[in-house]
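Colleague: Each chain, written out:
Protein chains: 4
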Amino acid sequence: MRNSLGELFTVTSFGESHGRCVGVVVDGCPAGLPLSVADVQTEVDRRRPGTGPASTRRAEEDQVEILSGLFNGHATGAPLCMLVWNTDVDSSNYERIKDLPRPGHADYTAFMKYGGFNDYRGGGRFSGRITAGFVMAGAVAKKLLNIIGVEVLAHTVEIGGIAARAARLPALRRAGENPLNCADLSATAKMLKAIEQARAGGDSLGGIIEGMALNMPAGLGEPVFDTLEGDLAKALFAIPAVKGVEFGAGFGAVKLRGSENNDRFMLKRNKIQTLGNNAGGILGGISNGMPITARVAVKPTPSIGRPQATVNLQTMESAPLDIKGRHDVCIVPRAVPVVAAMMAIVLCDFALRARLLPEVIK
Amino acid sequence: MRNSLGELFTVTSFGESHGRCVGVVVDGCPAGLPLSVADVQTEVDRRRPGTGPASTRRAEEDQVEILSGLFNGHATGAPLCMLVWNTDVDSSNYERIKDLPRPGHADYTAFMKYGGFNDYRGGGRFSGRITAGFVMAGAVAKKLLNIIGVEVLAHTVEIGGIAARAARLPALRRAGENPLNCADLSATAKMLKAIEQARAGGDSLGGIIEGMALNMPAGLGEPVFDTLEGDLAKALFAIPAVKGVEFGAGFGAVKLRGSENNDRFMLKRNKIQTLGNNAGGILGGISNGMPITARVAVKPTPSIGRPQATVNLQTMESAPLDIKGRHDVCIVPRAVPVVAAMMAIVLCDFALRARLLPEVIK
Amino acid sequence: MRNSLGELFTVTSFGESHGRCVGVVVDGCPAGLPLSVADVQTEVDRRRPGTGPASTRRAEEDQVEILSGLFNGHATGAPLCMLVWNTDVDSSNYERIKDLPRPGHADYTAFMKYGGFNDYRGGGRFSGRITAGFVMAGAVAKKLLNIIGVEVLAHTVEIGGIAARAARLPALRRAGENPLNCADLSATAKMLKAIEQARAGGDSLGGIIEGMALNMPAGLGEPVFDTLEGDLAKALFAIPAVKGVEFGAGFGAVKLRGSENNDRFMLKRNKIQTLGNNAGGILGGISNGMPITARVAVKPTPSIGRPQATVNLQTMESAPLDIKGRHDVCIVPRAVPVVAAMMAIVLCDFALRARLLPEVIK
Amino acid sequence: MRNSLGELFTVTSFGESHGRCVGVVVDGCPAGLPLSVADVQTEVDRRRPGTGPASTRRAEEDQVEILSGLFNGHATGAPLCMLVWNTDVDSSNYERIKDLPRPGHADYTAFMKYGGFNDYRGGGRFSGRITAGFVMAGAVAKKLLNIIGVEVLAHTVEIGGIAARAARLPALRRAGENPLNCADLSATAKMLKAIEQARAGGDSLGGIIEGMALNMPAGLGEPVFDTLEGDLAKALFAIPAVKGVEFGAGFGAVKLRGSENNDRFMLKRNKIQTLGNNAGGILGGISNGMPITARVAVKPTPSIGRPQATVNLQTMESAPLDIKGRHDVCIVPRAVPVVAAMMAIVLCDFALRARLLPEVIK
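Protein chains in written order, with my numbering: chain X, 456 to 817; chain P, 456 to 817; chain H, 456 to 817; chain S, 456 to 817.
Every clue listed holds true.
Intra- or inter-copy, both count: the list cannot distinguish identical chains.
In silico SDA-like pairs for lysine to any residue, Cα to Cα no more than 20 Å straight-line:
no.: 1; residue 1: K723; residue 2: Q769
no.: 2; residue 1: K553; residue 2: R719
no.: 3; residue 1: K723; residue 2: E772
no.: 4; residue 1: K726; residue 2: G571
no.: 5; residue 1: K779; residue 2: V544
no.: 6; residue 1: K817; residue 2: S491
no.: 7; residue 1: K648; residue 2: H782
no.: 8; residue 1: K553; residue 2: K726
no.: 9; residue 1: K553; residue 2: T770
no.: 10; residue 1: K817; residue 2: A673
no.: 11; residue 1: K645; residue 2: L627
no.: 12; residue 1: K726; residue 2: A774
no.: 13; residue 1: K779; residue 2: E651
no.: 14; residue 1: K779; residue 2: G760
no.: 15; residue 1: K710; residue 2: A655
no.: 16; residue 1: K726; residue 2: L768
Hints in this document: simulated from the structure, not taken from any laboratory.
Chain X on its own, in the form it takes in the complex (with noise of 0.2 Å):
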């Protein structure tokens, strides 16, 4: 179904950018889960622009509003509808180009699907500002999955064309205190600077982000279809700008023999673990038991500041292309809990389809 993900935890996204809110529906909760306010709210923070350690700009905005399925601090196996407000938006920008589609955005295709009638303010469904709702969805998602010790995190590995190095756990969990949330701190410095110089010259910047779910369970996966992989990249994909997925050794994978790709099988403490984790964590659509690596390519935000070329839909006559206001850069730190979040969606889904999950969390 079109807004919604999931068999038996369903997200259904709602809202727009510049419209009243823009919120999320999760079906399939099970009943008893401690939740509050506070916890979502910690997640959807984490998103916000402007924070991090450097900036605690506009913390008044975005508090979420948990509208059902919420009673005396436990999740009530009702549906959980929460949401944010939008205040304070500035829709003048958009109507001076509603028709002059910009390039690399939505704007076009939303016009041609939409038949026109789509809400065209600050991008409106294909804003990531609707991520906002995925990162709710996540918050209860990674709630779930910590009561059977999986941890979901993702981190910042390249942005234009700056590569951080690989870094322990500790790092990795502490991605999050970094402004570009990435684990290497002399990488950040000079993607803060890539980051500058793109701004200077009106440009944006891609990257790369890593999310990982360690002390994964072997067995979670649903194939031929439902594999862990695929649901994982349906999921992933619905973030904008990702253009590509891959998990372990990835493409990198297809330039390696199979003597070297094949993760040999050991035993670790009596138990079976493989040495490398080439596969990401997964074989035949299903969980070995390694931590699940994903990696999602973001392309570059397609807002711009140069002047672009494009086509008016009302005239048909070709036209030059001026945005005005003010974008982010590069959206990959901002994209980095949300890559987290969506990977903790499909987790818990497969987690509840291999019944590791009661119906009831007493």
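Chain X is fixed; fit chains P, H and S onto it per the hints.
Modeller: The following block gives chains P, H and S in isolation, referenced to the frame of chain X:
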């Protein structure tokens, strides 16, 4: 649902590698589509081993049967059940190693998920043979897409680190005549050599397949969750050994600036098109009228001739593994028609959702 | 999915009786549908208590808000989130009896399923108030059906054993003006008297509602499982207190012979129709072009003023139960617009599946 | 989805009355279930014509084959494809009348929906023969329910206006030995006589079937939309000729007062039960631990020997219709095992959703 894919064009897979058959139920094919066993057989023949200019061995096998949904040469609107029977299967090798999960294979994860009850012979549900069912369904999808002028192609673009040069459409259409389904003849020669070397060394190779859909109308896709990228990726990850999927510039886009990556809109014969196709024909999860292009990373075949190390699932002790039997050194060429089939299945589903095909085809 | 209904016109319900709100997300409404809050408010007003010719009390309540999916007076193609806020709820009575499940209510089953975490105030998710969301979704469905000329009606045909006489279409259309939503004025008088008697005796009454869809095109329905009868019945059983659903002659058909029950085909203005409509407009799960007729059995309201016997869930001892508070003696009249709403939702879904409505309404 | 039913226990139907086979794919059966062809054959035999104490004719027919999902005597967790081949079909009668839709049959609606491409021979997809697939799936569901102690029964309670007296459980369990699947021997004699009279008059009879599920745990059902009543009704309406479904007191409840209809809670062996079962074991769409009871109205078989009137679909002129061939005068007895099968399928799905069955059965 686990073994079903698609909303309006729904494909349900069944069968095992060494069971009685491999098949598929296609539900949602509009009544009236002219269809014959030969239409489906042609596609199935393309994924058979040893098919190609150099070989017609085993031509007697994999005879498609259509058990339902067909009457007087047309689809009836009822479910099409199609299958190929398994013949001449030798399961003896598998008995010998059933407690020894092969590295890189689903043996271990299937054992964990299905408690050892899974049919492990020949990989069971995890065998590439299952994709014969995908290809049968894809044959129906291709015929439906053909009605609205959409053509789906796939070809090998890299094997063992050897990349094919970009080719023009006529060459891409002839790629099926090439033993590796590759449009670049000189690269093919090198790939064949690399395959021979890998075989001699008891090793295996991976590669990259590109799938394309031409003449795609703009407006297909159902965001925010049922994006074209998301649903295509989910379907492509159902192909065994796929570890990455990207669209358009994909992971390459992360190194571009927005001004480089944005495809500018322009007029061509009074139609809006883009200059360049870094978007792979998809913006905001919706087709923009340009060709859909997807690239699929196929890991090296995990079955290799070399001795490997594993763990015995019964004794829980380390054990050496020596896989007997004939295996494909590189499954990339055989997966090419499967990539096209999966893309056709998904695009057909979206075409039905967008009402581009009538309920009855006359 | 638990709280979602429909394939292409998908309705997701949320909210509780004494929580913050009752609402619905409608996904799949074609872009371009002219829609206003007033369109939805009109339908919601019809199910309010005390609405009807005799009463306009509480007119300030249940103000519909549309939070998303609406822009410039048209549906945008994005999900419509609609809700009414709960105000002035008095939950004190429920605290007193939360361990005493009321006979005939869902208190006990909800306790068993949700482990006591369910919001029991006012019946929570099991309250008739939830149907306000159904009616909001039904308002959208009715507007869509109106485009293809389909009209959905419902009216009371029996209360407390008093049956209304069959009425003609103009009278049925005016049934909404009647305090019991009944087209037979003389039966209404008797029903009102029976209701008063039941109230005086601290008791309650049930009844039968008939729903009809006029101008239905032939060919809607998706057997073998998604039959018109099956999907309509499933939707109607979501209305609290419904215990039976029949179509056309229904249970009465079992006493007829085939020669009596078969509706013969005949020509009327060069169109194929049937003489009689024992089939209720449905043959083989597909509409035959005659009016769809469904009859819905509504049990007597379980909340009664008389003392009853139950079991205390904490002490596991028998306990007397005395329900305080104002309750409807008979919910049949208020359920009438809900029956129409559920039928409209399902028929709209089938109309979309049959491509009778375009992707964009212009 | 049209030809699929169920979320976690998913049944996909395929095949036609006079095509090559009738079959089903069952997806979601937990791995490890002991299963044999004989288990399924036993159930299929119960719906065969001429089966019962009086007849073992045609015992050679309808041999069940399990094509996939079974290995070493256990379900593997992969889809079970099961079918019976059609043999000895005589389609000549249908050619003669293919433009003459039979009153009460789906001929006309199928023609309208599928544009005349449907396989009309023997009713095609609308034949009662399709239910052989339902019964095969039901056989698997029954085995799964058996693990948690749930027993599903069905029996004839009325034919041609002759009602059976209420019977006790031992008699209900023996109803299958009765030629009409009825537990009341004296009513059976009268029913048989009525059937003979109808046959002599070239006419047909309808009736009522009661289905029951015993030892149902409390807490099954997923409101607000996936209620036990709603999903059971949807499944039961997939049986050809069903025109009404009610639970517990059903339509009879509408004549009761709340004080009469409410089943009071009481303690029995320290378990909460109800005195009486007007609720049919379901409150708020969730099982309350009492037996589930459903009553299903089956219309008189539309195929009758008497001449009828119809319209020729080609000439669009009125035409007489004379149906040749052998037809069941009353399909009620043969539909009895199908009612049990549909109930078992739905209850098994809910049992899986409630995690009452593990992912692997050991």
